[in-house]
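A.B. asks: What follows is the residue order along each chain.
Protein chains: 2
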Amino acid sequence: MQMPEPDAAILARKDDIVAKLCRILPPDAVISDEAETRAYECDALTAYRCPPLAAVLPRTTEEVAAVLRLCHAEGVPVVPRGSGTSLAGGALPTADCVILGVARMTEVLETDYDNRFIRVQTGRTNLSVTGAVEERGFFYAPDPSSQLACAIAGNIAMNSGGAHCLKYGVTTNNLMGVTMVLMDGTVVELGGAHLDAPGLDLLGLVCGSEGQLGVVTEATLRVLPKPEGARPVLIGFASNEVAGACVSDIIRAGVLPVAIEFMDRPCIRACEAFAKAGYPDCEALLIVEVEGSPAEIDHQLGLIAEIARGHDPVELREAQDADEAGRIWLGRKSAFGAMGQINDYMCLDGTIPVSELPHVLRRIGEMSRAAGLDVANVFHAGDGNMHPLILFDANRPGDLERCEALGADILRLCVEVGGCLTGEHGVGIEKRDLMGDQYAPADLECQMAVKDVFDPRWLLNPAKVFPLAVSGTRRTGAARMAAE
Amino acid sequence: MQMPEPDAAILARKDDIVAKLCRILPPDAVISDEAETRAYECDALTAYRCPPLAAVLPRTTEEVAAVLRLCHAEGVPVVPRGSGTSLAGGALPTADCVILGVARMTEVLETDYDNRFIRVQTGRTNLSVTGAVEERGFFYAPDPSSQLACAIAGNIAMNSGGAHCLKYGVTTNNLMGVTMVLMDGTVVELGGAHLDAPGLDLLGLVCGSEGQLGVVTEATLRVLPKPEGARPVLIGFASNEVAGACVSDIIRAGVLPVAIEFMDRPCIRACEAFAKAGYPDCEALLIVEVEGSPAEIDHQLGLIAEIARGHDPVELREAQDADEAGRIWLGRKSAFGAMGQINDYMCLDGTIPVSELPHVLRRIGEMSRAAGLDVANVFHAGDGNMHPLILFDANRPGDLERCEALGADILRLCVEVGGCLTGEHGVGIEKRDLMGDQYAPADLECQMAVKDVFDPRWLLNPAKVFPLAVSGTRRTGAARMAAE
Chain L
23 MQMPEPDAAI
33 LARKDDIVAK
43 LCRILPPDAV
53 ISDEAETRAY
63 ECDALTAYRC
73 PPLAAVLPRT
83 TEEVAAVLRL
93 CHAEGVPVVP
103 RGSGTSLAGG
113 ALPTADCVIL
123 GVARMTEVLE
133 TDYDNRFIRV
143 QTGRTNLSVT
153 GAVEERGFFY
163 APDPSSQLAC
173 AIAGNIAMNS
183 GGAHCLKYGV
193 TTNNLMGVTM
203 VLMDGTVVEL
213 GGAHLDAPGL
223 DLLGLVCGSE
233 GQLGVVTEAT
243 LRVLPKPEGA
253 RPVLIGFASN
263 EVAGACVSDI
273 IRAGVLPVAI
283 EFMDRPCIRA
293 CEAFAKAGYP
303 DCEALLIVEV
313 EGSPAEIDHQ
323 LGLIAEIARG
333 HDPVELREAQ
343 DADEAGRIWL
353 GRKSAFGAMG
363 QINDYMCLDG
373 TIPVSELPHV
383 LRRIGEMSRA
393 AGLDVANVFH
403 AGDGNMHPLI
413 LFDANRPGDL
423 ERCEALGADI
433 LRLCVEVGGC
443 LTGEHGVGIE
453 KRDLMGDQYA
463 PADLECQMAV
473 KDVFDPRWLL
483 NPAKVFPLAV
493 SGTRRTGAAR
503 MAAE
Chain V
23 MQMPEPDAAI
33 LARKDDIVAK
43 LCRILPPDAV
53 ISDEAETRAY
63 ECDALTAYRC
73 PPLAAVLPRT
83 TEEVAAVLRL
93 CHAEGVPVVP
103 RGSGTSLAGG
113 ALPTADCVIL
123 GVARMTEVLE
133 TDYDNRFIRV
143 QTGRTNLSVT
153 GAVEERGFFY
163 APDPSSQLAC
173 AIAGNIAMNS
183 GGAHCLKYGV
193 TTNNLMGVTM
203 VLMDGTVVEL
213 GGAHLDAPGL
223 DLLGLVCGSE
233 GQLGVVTEAT
243 LRVLPKPEGA
253 RPVLIGFASN
263 EVAGACVSDI
273 IRAGVLPVAI
283 EFMDRPCIRA
293 CEAFAKAGYP
303 DCEALLIVEV
313 EGSPAEIDHQ
323 LGLIAEIARG
333 HDPVELREAQ
343 DADEAGRIWL
353 GRKSAFGAMG
363 QINDYMCLDG
373 TIPVSELPHV
383 LRRIGEMSRA
393 AGLDVANVFH
403 AGDGNMHPLI
413 LFDANRPGDL
423 ERCEALGADI
433 LRLCVEVGGC
443 LTGEHGVGIE
453 KRDLMGDQYA
463 PADLECQMAV
473 KDVFDPRWLL
483 NPAKVFPLAV
493 SGTRRTGAAR
503 MAAE
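Chains as they are written, first to last, in my numbering: chain L, 23 to 506; chain V, 23 to 506.
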């Protein structure tokens with residue numbers, strides 16, 4: 023993956039820039055030692071690494087504003103970072119950038135159960151948001167697999183989903199307001215603890231904007247009352263295509279489970295070895311979870327079982343107790359980690375219309391065989407958000423390149439059938455150069471012109487999201503502007 | 023309400039502009055006769071009227087693009103119009119504008135039950151979208167009271183909600199993609215039949231943008247399977263405040279009805295006279311509806327009744343059959359019409375945190391008495407979207423002005439308690455000059471800069487949404503640009 027050359031003038035001014043950062047932040051908030059900046063050289067897309075010029079760890083919105091004001095004045099690029107769990111290189115540094123990490127901004131600022139929201143600093147992890155309200159019977163719905171580690175800042179940047187977003191929606195459906203700092207240090211408030219907002223919906227625009235528009239420091243999040251109960255059922259099938267057809271039928275029948283997760287054999291095996299969840303040994307497995315009172319759960323699972331039986335399942339088994347349900351989910355949520363213990367892999371994030379599942383799964387199988395690389399599938403099937411894992415050997419020369427080429431072909435297939443490049447992982451650097459397959463030049467121009475409004479010098483999270491070729495003039499022009 | 027002076031040069035060129043429009047559209051699609059343009063002089067905010075220069079009624083995206091390209095080249099402002107049901111003056115013409123009405127664009131372009139969407143031209147009315155899919159057991163969820171008449175184009179422009187959006191969300195939660203024509207005639211596709219999209223979320227930005235960014239000609243809408251059944255319950259109370267507190271308690275308890283509607287005595291009387299729904303004669307009435315299987319309905323209504331009993335209701339009555347349920351909803355959905363048979367009124371659309379309902383209702387009562395104008399309340403209480411109706415006499419000099427002043431004070435109160443100026447009716451011209459109460463200058467500047475990207479000459483739906491004072495320089499500069 024090509025990255026633009028770092029700005030030599032900035033590299034030469036490192037000491038001066040670090041000194042200025044030290045004047046506006048507490049001493050422990052500035053990291054410039056080469057051994058220490060190495061901790062920020064990559065995110066979860068570990069194939070790409072580059073230590074930043076420096077990293078800062080502010081504790082307040084005011085400190086974030088001070089850092090951005092300074093970097094804006096100095097023309098120094100800034101890469102915002104949550105917990106660094108991005109699978110798309112969303113937090114990958116450039117050598118001439120300052121990493122702005124929100125990891126120390128973890129405070130709960132306000133909880134309001136009457137109006138059902140919590141306001142937090144965005145460095146707080148996803149799971150600890152639920153942790154702050156669960157005693158009162160509430161939870162925060164979006165649940166990315168990385169929820170133990172990932173920060174709300176990253177969830178907002180990527181518009182993260184999770185297994186349960188089939189019912190509860192993704193981050194944008196659960197985000198009520200943000201405090202955001204623009205690149206020039208201006209602090210803006212978007213949305214708030216109320217429905218909708220007059221004028222243009224900048225909150226919706228910011229959600230999923232991958233750190234291109236500003237740095238979100240505080241967020242007002244919708245919390246929901248925990249359902250009375252929930253129960254997953256495991257349904258095993260003799261082939262991927264049949265499992266895909268069953269998902270289509272469940273959705274078409276109008277049953278609304280809270281989650282429909284899909285795993286194929288390689289994933290089932292890896293996860294079972296890891297979590298001992300009692301997954302059946304079969305070609306394809308669905309985990310379907312429903313929620314509500316015991317009577318509602320029985321009713322819905324009855325309908326789902328009836329649909330599943332029409333597809334000759336090799337296994338159909340409800341969780342018998344909370345412990346078994348917990349292990350079933352632990353297995354699924356550990357899928358990436360479990361696969362990683364066995365193989366190097368690249369995780370894709372294409373999204374397709376649900377009815378295309380059988381066709382796309384068959385085509386992925388054919389493409390995988392043609393490329394000579396195994397593909398394991400584990401994903402949120404209910405909303406068509408696929409996560410094919412391409413397995414490769416990082417130590418075998420050429421494997422990474424073949425893997426990237428296959429990944430690009432699979433994502434193009436998603437676009438071809440009416441889907442898109444990313445559901446929740448974001449574009450980052452990983453899918454940057456595929457944006458031209460998704461969008462016409464006029465569409466991309468429109469998006470870049472909106473970035474111009476928020477970040478006219480193109481200093482924020484550089485060389486991400488937009489293809490280098492189409493953003494080139496802007497970045498060069500902006501660099502000139504920044505240098506003036 | 024002040025409107026900017028029309029451009030005399032455009033008025034002088036009327037014949038030439040009309041002749042050019044006639045060259046690019048079929049003869050019956052251009053309306054320029056003064057008697058006929060009068061049909062477009064206002065929308066549902068009838069206090070303000072101004073016939074346009076001309077009106078056009080294209081039938082396709084290509085015709086819309088041709089009109090916009092021409093008006094862009096000629097520097098003529100364009101006011102897009104759905105069915106003209108805007109309560110905020112969103113479709114009010116200026117004397118120098120061309121009204122671009124989508125009323126003839128009513129085709130269903132595609133229905134896809136596997137992936138649960140319908141693609142329509144945006145002139146189609148809200149209710150007839152459901153009409154196109156209900157035979158197969160589906161419906162389109164957002165249900166503004168005007169759903170028999172209002173167009174999807176206007177629903178998207180205003181991000182419309184409706185009684186049932188407590189459960190199903192508003193337009194933005196049910197909109198998957200649009201075809202939009204920019205002011206210069208460029209056609210862009212945003213979103214589509216898939217979850218999310220990479221890059222900046224321009225679809226979310228466009229939804230609710232009140233015709234400031236482009237003209238949406240086609241829309242892909244999520245359709246949902248109809249629930250097995252639904253049943254409303256009527257709960258009457260001795261005071262507005264107690265009814266408000268009951269709403270708060272239902273929400274806080276984590277029950278999720280599909281709708282919680284609120285009416286006070288003046289509305290109850292007017293609606294009962296109109297619909298004969300058997301509304302009790304009391305100070306405040308809630309209509310709470312739940313959905314699901316008969317067992318789920320019984321279970322949820324049981325919880326709601328228990329909560330209601332804690333507030334000493336004067337009436338608590340479930341609909342006994344579909345006919346009674348139908349009349350209960352007919353009464354509520356006819357509220358504005360029923361009130362209009364008795365009084366002139368101005369309908370507000372403030373949104374507040376649900377827990378502020380009792381306080382805000384008490385304050386509205388006090389402000390109404392101080393102003394000497396009655397206020398009737400009817401609104402979506404579950405999500406805090408209020409619709410106070412200020413009653414006045416249009417024939418009594420000074421009444422409209424006093425009514426507007428009271429309306430502005432009530433909306434400022436909504437902002438004060440952490441809410442906002444509009445839930446679903448939009449800003450239009452009505453709340454334009456209150457935007458400064460909601461937003462800091464930097465926030466407004468940011469929104470206007472985004473409009474610059476889509477409509478650099480500020481020709482689309484002029485003098486709406488943004489306060490005239492703050493948009494002044496832009497509009498003048500743009501006018502100069504347009505004239506060049």
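In short, the hints are calculated from the structure, not lab data.
Possibly wrong hints are sitting among the right ones.
Heads up, the list lumps identical chains together, so a pair's fine if it works in one copy or across two of them.
As the list claims (entries may be wrong) - Pairs of lysine to aspartate or glutamate, DMTMM-like flavour, derived with a Cα cap of 25 Å:
{"id": "1", "residue 1": "Lys248", "residue 2": "Asp320"}
{"id": "2", "residue 1": "Lys189", "residue 2": "Asp320"}
{"id": "3", "residue 1": "Lys189", "residue 2": "Asp271"}
{"id": "4", "residue 1": "Lys248", "residue 2": "Asp271"}
A quick note: this is a predicted structure, and the numbers were derived from the prediction, not measured.
A.B. asks: When no copy is named, should Lys189 and Asp271 be tagged within, between, both, or neither for a Cα gap of at most 25 Å?
C.D. replies: both (17 Å within a copy, 24 Å between copies)
A.B. asks: As a check of your reading, is Lys248 near Asp271 (CA-CA no more than 25 Å) within one copy, between copies, both or neither?
C.D. replies: Between copies, since 16 Å is at most 25 Å while 28 Å is not.
A.B. asks: Could you place Lys248 and Asp320 in one of the four classes (within, between, both, neither) given a Cα distance threshold of 25 Å?
C.D. replies: For Lys248 and Asp320, both the intra-copy (18 Å) and inter-copy (20 Å) Cα distances are at most 25 Å.
A.B. asks: Using 25 Å as the alpha carbon limit, work out where Lys189 and Asp320 are close: within a copy, between copies, both or neither.
C.D. replies: Close inside one copy (18 Å) and across copies (22 Å); limit 25 Å.
Checked against the numbered hints above, the structure violates none of them.
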